[in-house]
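Fit chain D to the given chain H structure using the hints.
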Amino acid sequence: MKCVLIVDDDSDVRDLVTYKLEREGFEVRTAVDGEAALEDVQERTPDLVLLDIMMPGISGLDVLKRWRGEAATARLPVIMLTARAQEADVDLGFEFKADDYIVKPFSPRELVRRVNAVLMRVPR
Amino acid sequence: MITHGDPGGRDFATVAHEMRSPMTSVIGYLEILGEGSSGPLNAEQLAIVDVISRNVDRAHELLDEIVAMASEQ
Numbered sequence: 821m822k823c824v825l826i827v828d829d830d831s832d833v834r835d836l837v838t839y840k841l842e843r844e845g846f847e848v849r850t851a852v853d854g855e856a857a858l859e860d861v862q863e864r865t866p867d868l869v870l871l872d873i874m875m876p877g878i879s880g881l882d883v884l885k886r887w888r889g890e891a892a893t894a895r896l897p898v899i900m901l902t903a904r905a906q907e908a909d910v911d912l913g914f915e916f917k918a919d920d921y922i923v924k925p926f927s928p929r930e931l932v933r934r935v936n937a938v939l940m941r942v943p944r
Numbered sequence: 003m004i005t006h007g008d009p010g011g012r013d014f015a016t017v018a019h020e021m022r023s024p025m026t027s028v029i030g031y032l033e034i035l036g037e038g039s040s041g042p043l044n045a046e047q048l049a050i051v052d053v054i055s056r057n058v059d060r061a062h063e064l065l066d067e068i069v070a071m072a073s074e075q
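Those protein sequences? They're chains H and D, same order as listed. Under our numbering, the first residue of the first sequence carries the number 821, and numbering increases by one thereafter. Under our numbering, the first residue of the second sequence carries the number 3, and numbering increases by one thereafter.
In isolation and in its complexed conformation, chain H is listed as follows (with noise of 0.2 Å):
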C-alpha cells in the first residue's frame, strides 16, 4: 500500500485528502505545518507528498527546498498544493524540482489521477 503524506494547515482540506486517498487505498498521513512534515518524513519516508505552500511556520516551498539538499530525500516525489495560480509560483515549485502542482481549489478526483501519475513515473 502506497503511503501518502498531507501537509496544509486547513483541517478540512486534510481530511478532504484523507477521506479520497483512503478510499482509493493509499495509507495516509497527516502533518499540520512544515515543522511537523520535516519530523514525520525524517521518522519514515512516504512514498509521496501533498505539500501545501502557504502555511504558518516555514513555508512548503521552504520545506522542498530542505528535502531537496537532503540524500534521503532529494529524489521524494512531492505535489505542491497551493491557492496561487500565478506563473511566479510554477516556476518557484520547478525550481525547487517539485514533481507536480496542483491550484486550489481542486477536484478529489484530479488529484487522485495526478497523485497516481507522479507515482507511475517513480522508479522504486
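What the hints contain is simulated information worked out from the structure, not anything from laboratory work. Hints may contain errors.
[As the list claims (entries may be wrong)] Restraint-style ranges between C-beta atoms, simulated for each label pair: (1) H:842 - D:44: 22 to 28 Å; (2) D:70 - H:894: 35 to 41 Å; (3) H:885 - D:45: 49 to 55 Å; (4) H:927 - D:45: 20 to 26 Å; (5) D:38 - H:894: 38 to 44 Å; (6) H:917 - D:71: 31 to 37 Å; (7) D:46 - H:892: 50 to 56 Å; (8) D:60 - H:915: 14 to 20 Å; (9) H:895 - D:16: 31 to 37 Å; (10) H:842 - D:67: 32 to 38 Å.
[Claimed, not checked] To give an idea of the interface, some chain D residues facing chain H are shown, with a C-beta separation under 10 Å as derived from the structure: (11) 13; (12) 16; (13) 19; (14) 20; (15) 30; (16) 33; (17) 41; (18) 43; (19) 57.
Predicted, not measured: the structure shown is a model, and the values here were computed from it. Where a beta carbon is used, it is the ideal one built from N, C-alpha and C, also for glycine.
Frame of chain H, contents of chain D only:
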C-alpha cells in the same frame, strides 16, 4: 480589515487567495456527494447537489475574476 498594499495588513490579493482553501473543501465534498461514494443519493438529493455545484462553479469563476483583478492592482 482588507487594505490595499498595506504591509501591516492582509491585502486584497491575499484575502482573494485565502478564499481558495474553503472553496476546495466545498467543491471537493460536493464531488464526493455527487458521485455517491459516500452513499447513494436519491433523485431529489442529486438535483439539489447539482444546483449547489452549478452555483459553486459560478462562485469559483467569480473568485478567479477577483484574483485577476487583485493581481492587476
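Each hint, compared with the structure:
1. H:842 - D:44: 22 to 28 Å: 26 Å, holds
2. D:70 - H:894: 35 to 41 Å: 36 Å Cβ-Cβ, so the 35 to 41 Å window holds.
3. H:885 - D:45: 49 to 55 Å: 51 Å, holds
4. H:927 - D:45: 20 to 26 Å: The hinted range 20 to 26 Å holds for residue 927 of chain H and residue 45 of chain D, with Cβ atoms some 23 Å apart.
5. D:38 - H:894: 38 to 44 Å: The hint (38 to 44 Å, Cβ to Cβ) holds, given that residue 38 of chain D and residue 894 of chain H are roughly 41 Å apart.
6. H:917 - D:71: 31 to 37 Å: 33 Å, holds
7. D:46 - H:892: 50 to 56 Å: This hint holds: roughly 53 Å between Cβ atoms.
8. D:60 - H:915: 14 to 20 Å: Given a distance of about 35 Å, which is not inside 14 to 20 Å, the answer is violated.
9. H:895 - D:16: 31 to 37 Å: 33 Å, holds
10. H:842 - D:67: 32 to 38 Å: 35 Å, holds
11. 13: Constraint on residue 13 of chain D not satisfied, violated at 13 Å.
12. 16: Cβ of residue 16 of chain D sits 9 Å from chain H, so the hint holds.
13. 19: 4 Å, holds
14. 20: 7 Å, holds
15. 30: Constraint on residue 30 of chain D satisfied, holds at 4 Å.
16. 33: Because about 6 Å separates residue 33 of chain D from the closest Cβ in chain H, which is inside the 10 Å limit, the hint holds.
17. 41: The hint is violated - residue 41 of chain D has no Cβ within 10 Å of chain H, the shortest such distance being about 12 Å.
18. 43: At 17 Å from the nearest chain H Cβ, residue 43 of chain D fails the 10 Å test, so the hint is violated.
19. 57: Hint violated; residue 57 of chain D Cβ to chain H Cβ min 14 Å, cut 10 Å.
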